[in-house]
Structure formats: structure tokens, C-alpha cells
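Trainee: Turn these sequences into a full structure, and let the hints guide you.
Each chain is listed here by its residues.
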Amino acid sequence: MATIAMPTPGDKATFRTCPVTALKVDLAAERLIIANAVAAVVFLLIGGLFALLLALTRWQAIHLLPPDWFYRILTGHGFDMLVAWMVFFEVAGLYFGGAVMLNARLVLPKVAWGAFILMAAGAVLVNVIVLLGKADVMFTAYVPLKAHPLFYLGIIFFAVGALIAVILFFATLVTAKREKTYEGSMPLVTYGLVAAAIIAVYTLLSGALAFVPTFFWSMGWIDNVDPGYYRNLFWSFGHPAQQINLAAMVAIWYALAAITVGAVPLNEKLSRSAFILYILFINLGSAHHLLVDPGPGFLWKATNTSYAMYLAVLGSLIHAFSIPGAVEVAQRRKGFTNGLLEWLRKAPWREPGFSALVISMTLFGWIGGVTGVTIGTEQINMTAHNTMRLPGHFHATVVSGTTLAFMGLTYYLIPLIFRKELKLKKWASWQPYVFGFGMLLVSVGMIASGLQGVSRRHWDITFAGAPFKAAVPSTAQLMLGIMGIGAIIAIVGGIMYLTVVLVSVFTGKRQEAHRLTLVMEQKNPLVEDAIAVVGVEVDEAVAPKGTFVIVLAFLMFFVIYYFSNWWLLGRSWMIR
Amino acid sequence: MLAPERIWWKPLHRMEKSWLIVAFSWCVLLTIMMPLWFFYGRQNVPATTFRTTPQKYQQQTTAFIEQYQVDTLNRLPVVAPPPDSDIYLLARQWQWTPVLQLEKGKTYRLHLSSTDVQHGFSLQPVNLNLQVLPGYDYVATITPTQSGEFSIVCNEFCSIGHHLMVGKIIVTE
Chain X
1 MATIAMPTPG DKATFRTCPV TALKVDLAAE RLIIANAVAA VVFLLIGGLF ALLLALTRWQ
61 AIHLLPPDWF YRILTGHGFD MLVAWMVFFE VAGLYFGGAV MLNARLVLPK VAWGAFILMA
121 AGAVLVNVIV LLGKADVMFT AYVPLKAHPL FYLGIIFFAV GALIAVILFF ATLVTAKREK
181 TYEGSMPLVT YGLVAAAIIA VYTLLSGALA FVPTFFWSMG WIDNVDPGYY RNLFWSFGHP
241 AQQINLAAMV AIWYALAAIT VGAVPLNEKL SRSAFILYIL FINLGSAHHL LVDPGPGFLW
301 KATNTSYAMY LAVLGSLIHA FSIPGAVEVA QRRKGFTNGL LEWLRKAPWR EPGFSALVIS
361 MTLFGWIGGV TGVTIGTEQI NMTAHNTMRL PGHFHATVVS GTTLAFMGLT YYLIPLIFRK
421 ELKLKKWASW QPYVFGFGML LVSVGMIASG LQGVSRRHWD ITFAGAPFKA AVPSTAQLML
481 GIMGIGAIIA IVGGIMYLTV VLVSVFTGKR QEAHRLTLVM EQKNPLVEDA IAVVGVEVDE
541 AVAPKGTFVI VLAFLMFFVI YYFSNWWLLG RSWMIR
Chain E
1 MLAPERIWWK PLHRMEKSWL IVAFSWCVLL TIMMPLWFFY GRQNVPATTF RTTPQKYQQQ
61 TTAFIEQYQV DTLNRLPVVA PPPDSDIYLL ARQWQWTPVL QLEKGKTYRL HLSSTDVQHG
121 FSLQPVNLNL QVLPGYDYVA TITPTQSGEF SIVCNEFCSI GHHLMVGKII VTE
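In the order they appear, the protein sequences are chains X and E.
The first sequence runs 1 to 576 under my numbering.
The second sequence runs 1 to 173 under my numbering.
Simulated from the structure, these hints should not be mistaken for lab results.
Heads up, a few of these hints could be off.
Unchecked claim - Listed next, with one range per pair, are the computed distances between beta-carbon atoms:
hint, chain 1, residue 1, chain 2, residue 2, range
1, X, Leu280, E, Lys17, 17 to 23 Å
2, E, Lys10, X, Gly335, 21 to 27 Å
3, X, Gly220, E, Glu149, 40 to 46 Å
4, E, Ile21, X, Met574, 36 to 42 Å
5, E, Val22, X, Gly570, 32 to 38 Å
6, X, Met219, E, Pro54, 21 to 27 Å
7, X, Gly220, E, Thr53, 18 to 24 Å
8, X, Gly570, E, Glu149, 18 to 24 Å
9, E, Val28, X, Ser185, 15 to 21 Å
Note that CB positions come from ideal geometry on N, CA and C, so glycine has one too.
Mentor: Structure representation (C-alpha cells):
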């Protein structure tokens, strides 16, 4: 495919020069970044509205929606958030990391527009079919539960569009290298996006393997699709799709750390190796969804669930040290060298990119990562499968982690790419805290109710009308209430984000950005602080001692949570 | 954000090295916990699976109910099978059949399958969860360690009546 995407010698691109970063910005790429980012935000808005309705239904005291609409909206929420919002934003990110950051032009912008239209058409199709009540099958669409053929077709359109965008990204990288638009190696952020894009390729191909036969089956062209194989193929798409988010998010963490405090990766070798670990091992994670399925045996499950010895987890543990470590070193170089944590106390907490980075990393790691590895353990999964612990885990990763990181980055894309003055800076400054606090309650409420056995995707835990009542402890109800309150707070945070974005884009003065940071009255940390220290060795005074203590505390928490889960399992009925 | 110089393959800082060693050791421990529990733990994920068909599974369940039925509860048969026997639980929209009456401390081979769509076996408040697929006969060897009444909640979405699908297991002393 790359040969098709090669630019012809006659290709001409128009550039502007960014006054902040001195990078040349391809105007075609810029328009595509804007289009994809806007589409992402639109689906975030729809998905967020759905989220509110769902949370207010599962909060048993309110119990807003009737069952059919609850399941319908849940299907739409899953697709809009996990697929549409994420992938549109990632495509914007790929064009940014590929063309803009490498000073290069985007190849074949017309094809990129075609990809955009395919994705948009697919996403709209899925939403329409779901809202018409023709696809009450959940995001996972497990066969033999059948949806309208256009539901599967919509997903296929979206995936094909995304695949084209990824291929264009690779072609852009090749062109940039050939045309020597940058010196040295590719920046780490772009490198992380390459990892995300490689994962995206096999993710989207698995999606095709899952959805194309299912589409044929829904049309009546083939008789049946095996539910066990479908689950395997679907999760080879569904889980790695979230790992694309993960790799993109980690890349954005490095970007936010660079933008807000001028952090430079401590050791490029280490950080880059961690991304390689993702590429090699993270796809095995799809087996996490099949741990209590009939079919595969212990060895298959244990090998896959451990990502062949938790090597992808190791990748995340490396970033968990490298990113705060880079922030600490950058801060210590500014003179905040007292004690273990002065660098953190004196950090730019009012800068939304910084608070978004810290909250995103904290909730992603401490809640999402720890619970994810724990429930992804073969035997422990029996106490977690399809309970609220699962949405609790991925709301901490995908929402508190990835979504918040994407939100944080948006505040910098508006002046740099939209070239609009960012309005409502105070709102932007508070937004990560409001959203993060709300999501903390959501995740903890979900996990705590799941630990008490509450099922996910379930309309009524009072079981009114069922032949038997299942005893749900009242504390579980309380936890669902906490989740509901958290959802309202998070929605407020989401509305703040959307308001800042929309007000800035539509009413902000058109102006060239003059510095990278938004609310701090200081120079550009990225350009002025960082260049001086690239390649300078880390000496004792600036060594990341505080980070070392923080990661050890994190590990202690991890160990305690993990082994308490084995203890919980050990109290269960005997089963083999 | 910035392009680093061409050669970035540099040795690690002391702290990075220490963290890498600590983190990797934790990963190794995480890995060996699973085989350790597999050999020494009393709760392991069942692996026995047979191919079946909805018709065949329906027949097996019907025969099982006829053989051991002792009572009826909410129009569902209550079945009290002897220990060490094969017991059948059938999932369909939106019902678990039959109600099982087991003895505490005794072992049973619990068969799980569906005759229509996917379902989720969620034993509450024990909180043991297994996936139930049509066409797959999943066999879990279980030993109840508590007595009392337990419910089986369906925790895989199985269309509109999903939340009504609750079954029962009664464990006697």
C-alpha cells in the first residue's frame, strides 16, 4: 500500500510557519486535524449525554430509563466513546504527530478526506441504527444475538476509514524521512504514535475478521458464526483498540510533560523499548475477555493473560517511572531541589495540561492499571467476569486516563492548530480537577459494587419481576449511588471542556500563538528550557528521587490489592 | 516533543536500573502466581468443554430433570441429584432451568450451556462467574462450601429481558 501512497514529484503542499515551535505546518494536514478533532468532540458530546442517562438509570434510587432504552443507549455509549471519540481523536493525533511534528507534508490529503468521510458515515450509521432500536446488542454484539446488517456495515466502514488514515500516516513518515524534513531521530511522541498505529493495523484487521462474516450472517448469506471464535476475534479488535488508546495516551503524556514543564525523556532507549514491548505483547491481552469461556485451557489462558510474562505491563511500569521522572528532573533543574517532593509542590498545578497529565496518570495507573492486571489474572477473573469491576477498570483507563489526556492536549491544539485564542482559561484550569474527581467516584463506585457481585449491563439489580431475587447488599446500592454522583460531576467536567473548546473555536480571536503554555506567565518551557538540556546527563542533584519513592508506594498498593484478590478467591466455592 | 540526536542508545541511570529490576521481578511474580494456584489452589477455571447442540443439550437437561426432580418452585422444577453426578443447568432467554438442590461439601460436575444466545453464569453472593455459550457444553466441577440459598444472575446481556433472568441453587447441610 505504501507505494500507492507515495507522493508524485508534482505534489505541492502549502505550509505556514508556526511562530511558537518554528515548525512548518502543512495547511492540508491542519484542516484534516481540525475535521477529525471536531468529529471526535461531537461523538464525545453524544456519548457523554448517553453516559449521564445510563448512570442515572443504574443509580437505583433514580432508575431513569426503561429497560429497552437503557440497553439501546448503552450500545450507543460503548461505540461512541470506545470507538468514535477515541479513533477520530487518534487520527487527528496521527496527522499531528506525523506531518506537523516532523515538519512535513501529509501525503494524499484527498485520500485522507475520503477516509474521514468513510469514518464519519460509518459512525453516523451505527448511531442511527442503534437509536432506531435495530441493534440492541451492546457494543460487543456477541453472536448469535443479531443486529440489523447496517450496524455491522457501519462498523466496517469506520474501520476501513481508520485503516486508510493509519496507512497515510505511515506514508507521511516515509516521505518526511526521504525529504529530510527533520534532523536526528523521530521525536519520542511520534515514535509512540507509530507504536499506536502498528497496533491499530492488526486491531482493525481483526475487526474485519470479526465483523465481515457477522455482516454476511446478518444478511443470511452464511448460516452461523461460532460464538466462541467470534469472541476471540472480536476481542482481538476490542481490546487492542483500547491499547491503541493506551499507546497514543502515553505519547500524549510525554507531550504534555514537555509542553508544561519542558520535560525531556530521561532515557530515550528505555522509553522507546517500552513502546516496543507494547507492540510485541499487548495484543495477547485480548484473551482477558475469554478467561472464563468454555474452550481454551489453562496454558492458553495463562500465557495470554500474562502477556507472555506481563511484558506489556512492564512497558507501562517503565512509563510510570520515566514520565514523572522526566517531570521531576525538569523541575529540579529549575531549582526546586528541596526534599523529596518540592518539585511536585511547586509544579504548575493551574496549567490544565499539567493537572490533566498528573490526574490522568494517577487514575490510569493506580486504579485502571492495578485493577486491570488483577481481574485479568486467570483464576481471579472468575470473581470479576462481567461484573461492574470491568467497567470500573476501563472507565479508569479509557475515561480518566485517555480521555483526560486527550482533553488536556486539546487546550494546546486550539492555539497551535485552530490558531484561536483560548477563551475561559479559568474554566480550562479547573476542568481536569472536576472531571478527574467525578471519574474517580465513577470508577471506585463501579469497582466496589462489582466486588459485591453487581453485574454490568444490567438494568435492575432489585430484580423486580424476576422469578427469584438475588440478594444485593445495600452497600452495593450505595456504591452505585456514588457512581451516579460521580457521573454527574464528570459530566459537568465534560461540559466545561466542551464549552471551553466551542467558545474558543467560535468566538476566540484569530491569532498566532506566542507561547505554548496557557495560564502560566512564563516563557516556553518546551523551546527554551528543553533545548539547553537535551543530551545533558542527569546528575545527583537533579536525580528523580521523589519519583522513585512514588513508584515504590504505587507498587506496594498494587501488591496489597492483588493479593487481597487471591484471598477473596480463596474463600469461594471449590471449582475446577 | 523534540527530535533527539541520532544516537540515543545510552546507559540507564542508577534509579532507572533499580526500578526496572523491581518492576520486572513483580512481573515474574505475577506470572508464577497463576501456575502456583493452578497446582495448589482450590479455585481454578474449569477447562473441560464438549461440543454440543441446543437440541442435544435440551434432551440431556430434560432427562436429568425427570430423573432427579423432587419439587417445583415458581413453576420451575427443583432437582436434587446425588453427589459426584453430572448435573445440568440450561440457560435460555430468560430463565435458568432447573433449580438445583445440592449438598454442602459434596462435589458435582456442573454442565452449562445455552439453547439460544450467550449468557453469563453469575453465582451470588458467592460471586463466581462463568461464560455460557450455545454449542459449548462447559463442565465445572464444583463443591459448595456454604449452605443456604444462592442465586444465579445472568450477567451477559441476552436481550430485553436480561435482568429478569435469575435462577437458584439451594445448598443443604
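Trainee: Run through the hints listed earlier and report the numbers of any the structure violates, in increasing order.
Mentor: Checked against the structure, the hints that fail are numbers 5, 9, while the rest are satisfied.
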